[in-house]
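Residue numbers (UniProt numbering), protein chains in the order written: chain A, 1 to 210; chain B, 1 to 210; chain C, 1 to 210.
Some clues are possibly wrong.
Said to hold, decoys possible - Using 30 Å as the maximum straight-line C-alpha spacing, the simulated DSS-like pairs for lysine-lysine come out as follows:
| hint | chain 1 | residue 1 | chain 2 | residue 2 |
| --- | --- | --- | --- | --- |
| 1 | A | K31 | B | K31 |
| 2 | B | K31 | C | K31 |
| 3 | C | K31 | A | K31 |
Hints are computed from structural coordinates only; laboratory data are not their basis.
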Amino acid sequence: MNFTPDFAIYLLDMVGIVACAIAGTTLALHKRFDFFGCILVSMVNAIGGGTLRDVMLGRHPLFWMTDLNYVIVITATSLLCQVFFGAYRRVAWTLVFFDAVGLAAFSVIGLTVALSLGAHPLIAMLMAVMTSIAGGIMRDMICHEIPLVLQKEIYISASIIGSLLYLGLERLAVPTHITETLTLMTIFGVRMLAVRFDWHLPSLQLKLGR
Amino acid sequence: MNFTPDFAIYLLDMVGIVACAIAGTTLALHKRFDFFGCILVSMVNAIGGGTLRDVMLGRHPLFWMTDLNYVIVITATSLLCQVFFGAYRRVAWTLVFFDAVGLAAFSVIGLTVALSLGAHPLIAMLMAVMTSIAGGIMRDMICHEIPLVLQKEIYISASIIGSLLYLGLERLAVPTHITETLTLMTIFGVRMLAVRFDWHLPSLQLKLGR
Amino acid sequence: MNFTPDFAIYLLDMVGIVACAIAGTTLALHKRFDFFGCILVSMVNAIGGGTLRDVMLGRHPLFWMTDLNYVIVITATSLLCQVFFGAYRRVAWTLVFFDAVGLAAFSVIGLTVALSLGAHPLIAMLMAVMTSIAGGIMRDMICHEIPLVLQKEIYISASIIGSLLYLGLERLAVPTHITETLTLMTIFGVRMLAVRFDWHLPSLQLKLGR
Chain A
1 MNFTPDFAIY
11 LLDMVGIVAC
21 AIAGTTLALH
31 KRFDFFGCIL
41 VSMVNAIGGG
51 TLRDVMLGRH
61 PLFWMTDLNY
71 VIVITATSLL
81 CQVFFGAYRR
91 VAWTLVFFDA
101 VGLAAFSVIG
111 LTVALSLGAH
121 PLIAMLMAVM
131 TSIAGGIMRD
141 MICHEIPLVL
151 QKEIYISASI
161 IGSLLYLGLE
171 RLAVPTHITE
181 TLTLMTIFGV
191 RMLAVRFDWH
201 LPSLQLKLGR
Chain B
1 MNFTPDFAIY
11 LLDMVGIVAC
21 AIAGTTLALH
31 KRFDFFGCIL
41 VSMVNAIGGG
51 TLRDVMLGRH
61 PLFWMTDLNY
71 VIVITATSLL
81 CQVFFGAYRR
91 VAWTLVFFDA
101 VGLAAFSVIG
111 LTVALSLGAH
121 PLIAMLMAVM
131 TSIAGGIMRD
141 MICHEIPLVL
151 QKEIYISASI
161 IGSLLYLGLE
171 RLAVPTHITE
181 TLTLMTIFGV
191 RMLAVRFDWH
201 LPSLQLKLGR
Chain C
1 MNFTPDFAIY
11 LLDMVGIVAC
21 AIAGTTLALH
31 KRFDFFGCIL
41 VSMVNAIGGG
51 TLRDVMLGRH
61 PLFWMTDLNY
71 VIVITATSLL
81 CQVFFGAYRR
91 VAWTLVFFDA
101 VGLAAFSVIG
111 LTVALSLGAH
121 PLIAMLMAVM
131 TSIAGGIMRD
141 MICHEIPLVL
151 QKEIYISASI
161 IGSLLYLGLE
171 RLAVPTHITE
181 TLTLMTIFGV
191 RMLAVRFDWH
201 LPSLQLKLGR
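In isolation and in its complexed conformation, chain A is listed as follows (with noise of 0.2 Å):
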């Protein structure tokens, strides 16, 4: 098998499955939730972005329909990560990072998917941003915890830096694979940066003398 762009998108692609299905897994073990529970909050994670993304766009069938890798690979990955749960303590730091992983991975698919498609840019970064986020959100929601990507985090801002970086590269004729190397970088980077030094995003309230 060649080195093609095509399939260096593919493996971005089961990073970001890898990565999602470990931050399912890793909540719903913590949620007290059965084998086959931990499996499906994996699944809704990893592909609940891209399925809603394919739904909204009308693109039938959906990818992981097609393509057996998808549910092999979450399933794999979820059961390694149950087996392998009682060595480590750090619930926290595990879902932030695969968490971050996740959010670069997809973001730059979703942008790639719509830009292709011939959506308007501003359409393609809410691709990107509802792709990567939106399966972390269904989770929280499964396993009944207001979603952390919608507070008071960098969270949503570093996949929108990110877009703009992207877009910004592309019209500069910069080639493919440099810009989506240094917009994943951007985008983990931001995020891991924001969670280290606790960045929060200014309010926007006005404050009347009280």
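Knowing the structure of chain A, use the given hints to seat chains B and C on it.
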């Protein structure tokens, strides 16, 4: 631009969109979500119901993907709302008022769209209810609230009373713009009166001498 | 009307619909939702899984839009259930029993539909699980409960055991109606026995001498 019936419906849609964006941002700020979190919740609230309706009816592309006005109006509304949120304190009343405006606008639009596609009146009423409440239910689910619309409140009932009125007036061959105006006023009025005078639906449960 | 296999499946579908409508109304009443709130929750519970399946498979129009029986049966069931709710107290057992009936019926239907569309057996099993549990998960999310089906309960497992049995018997060329009956009884039986004797899936976690 002439003031055609289609344009009136478009304007009505925008009124509903703005109302729902305000309601969504208000709840999201109350939950201390960040800048983009508030925008996302207002999008879910404003275009969630219509998106669900179009996905169920198989209408592609989705209305907000081809007309950027939706995304722009929601973002601008949410932004303004975030800036001036500090100026008012009455979260509950703001939610109730703008939810009622959105309920009225989206019920009429849902009914019109479904009927124009030749749906059975019963299905059209269901679509009207769904278009008008699904966005709010999704918002409440994301924000970790028990959906207000399902509790002991005259809410879905207001939409159904309005739909019945609409179907009746249409059968009587009343001009469309009068039918629509009367329906809008009825739904908004019933809902606000129900809140003001604390009307509730009676429970159907048989009381067995306990 | 002759008793054809198609009619048997339709009847089975209605049994599942009624069971899920009862389960949905029971939980909604328990949560003190109003008249229309209860009907809406029973609709989500009864046709939510099938709607999700059809939207994912791109089958339009949705089954309940062309056949009004679904909406009518759910509304009537929910209404009766609301009237006579006062007569019984055992919410938990009612939920468990009717959930199990729905699980069995919708697993068989999901499997049959997906296989008849030529899906890979693995995807068909996934579709069977999804059709049978998605409605209940959506119900629990709306009602603010952690989804029962994902916790330490033999639930998804019962559906998967049934699906494996179905695929095995089909391979052995057992007549379809016998295969379906045996599968139904197996899923329902495994689920009820698991509740009765408090069976759980063993945890996969490695215990590292703690």
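Hints versus structure:
With a C-alpha separation of about 23 Å, the suggested pairing of K31/A with K31/B holds against the 30 Å cut-off. Only pairs whose Cα atoms come within 30 Å are accepted, and K31/B paired with K31/C is accepted, the gap being roughly 23 Å. Between K31/C and K31/A the CA atoms are separated by roughly 23 Å; this keeps the pair inside 30 Å, and the hint holds.
Going down the numbered hints, you'll see the structure goes against none, and every one checks out.
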